[in-house]
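*Asks:* Each chain, letter by letter, is given below.
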Amino acid sequence: MSLSDDELFILSYYRTSEINGSLFFGRLARALKPGPIQHDLTKHFADEAQHAWYWSSCIDRLGGRPIKLDSGYQDQYLEAVGLPLNLMEVLAITLVFEQRVIHQYSRHLALPDLDPDIANTFGLIMEDEKWHLHWVRQALVGMEDQFGKEHIKATLDRNRAADREIYAKTLAEYDERLSFLFDKHEKGR
Amino acid sequence: MSVTVEDVRLRIAELLRVSEERVTLATVLTDLVVESFRLVEMAIELQEEYDVLLGQADLSVLKTVGDLAQLVQSRVVPS
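Residue numbers (the working numbering), protein chains in the order written: chain A, -5 to 183; chain B, 1068 to 1146.
Incorrect hints may have been included.
[What the hints assert, rightly or not] In silico lysine-lysine, BS3-like type, Cα no more than 30 Å apart, as pairs:
1. 1130(B) x 163(A)
2. 62(A) x 37(A)
3. 1130(B) x 124(A)
4. 62(A) x 147(A)
5. 124(A) x 143(A)
6. 27(A) x 124(A)
7. 27(A) x 163(A)
8. 62(A) x 124(A)
9. 1130(B) x 37(A)
Read the hints as simulated data drawn from the structure, not as lab findings.
Quick caveat: nothing in here was measured; it's all calculated off a predicted structure.
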């Protein structure tokens, strides 16, 4: 296997998060009434499932088997900010989460001597993630009349604060496993 | 639309695929699911069906099935 144990772990972690996102958004897409949000959320969850497949395939090609992990990054959000109860709150947490995903994937992609297969996988996924950010932002703008621009901003700010806390906690928890990703100057940013 | 607390209680049981007997008004919501995301999905579905709005500001009063059913019922606009 050309993957180190730590690389296998982090790719499995990414895969698990994509699966969890897909399952959750898929269920939401099923629950929503027809309209632009149901439409875009359907593509969103399909993309996340595809991303899980990309990671599965990548790990397979590099001679590994995905590690089964019980929880992903998203589970920690609920504990930190409380359950989102309406669609605006779900989209707010989604926007913050997707921004974190792009941040993390970008940092990983910037590693020197990154396996080309892993780099290609990031490339495929990041294209979709840009569209995810775009449609969720647009949907939140569309909700300003109903929820108020300031209330949406406050919800996003609360989620961002929680995300910074969770990210720092995750890095600390997996310090040894993730140390290959970050040099000592970057850790905790 | 005329909606009773009992209507909402039964709908919660259906959405969570749990027997009606298990979903009493005193049942704690988090006891009914393994994953918290399932409660989010259920809350969204109730809002779509009954055309009401819930929010995180309501979380402090939402512990049991009865709390949720009463809150949803109180926000339904009679047709």
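*Asks:* Hint by hint, say whether it matches the structure.
*Replies:* Structure-based check of all given hints:
1. 1130(B) x 163(A): Holds, because 28 Å separates the two Cα atoms, which is no more than 30 Å.
2. 62(A) x 37(A): Between residue 62(A) and residue 37(A) the Cα gap is close to 26 Å, so the pair holds against 30 Å.
3. 1130(B) x 124(A): violated, 37 Å
4. 62(A) x 147(A): Cα-Cα ~36 Å, so violated.
5. 124(A) x 143(A): holds, 23 Å
6. 27(A) x 124(A): The given pair, whose Cα atoms are some 25 Å apart, holds under the 30 Å limit.
7. 27(A) x 163(A): violated, 37 Å
8. 62(A) x 124(A): Status holds; Cα separation ~28 Å.
9. 1130(B) x 37(A): The given pair, whose Cα atoms are some 33 Å apart, is violated under the 30 Å limit.
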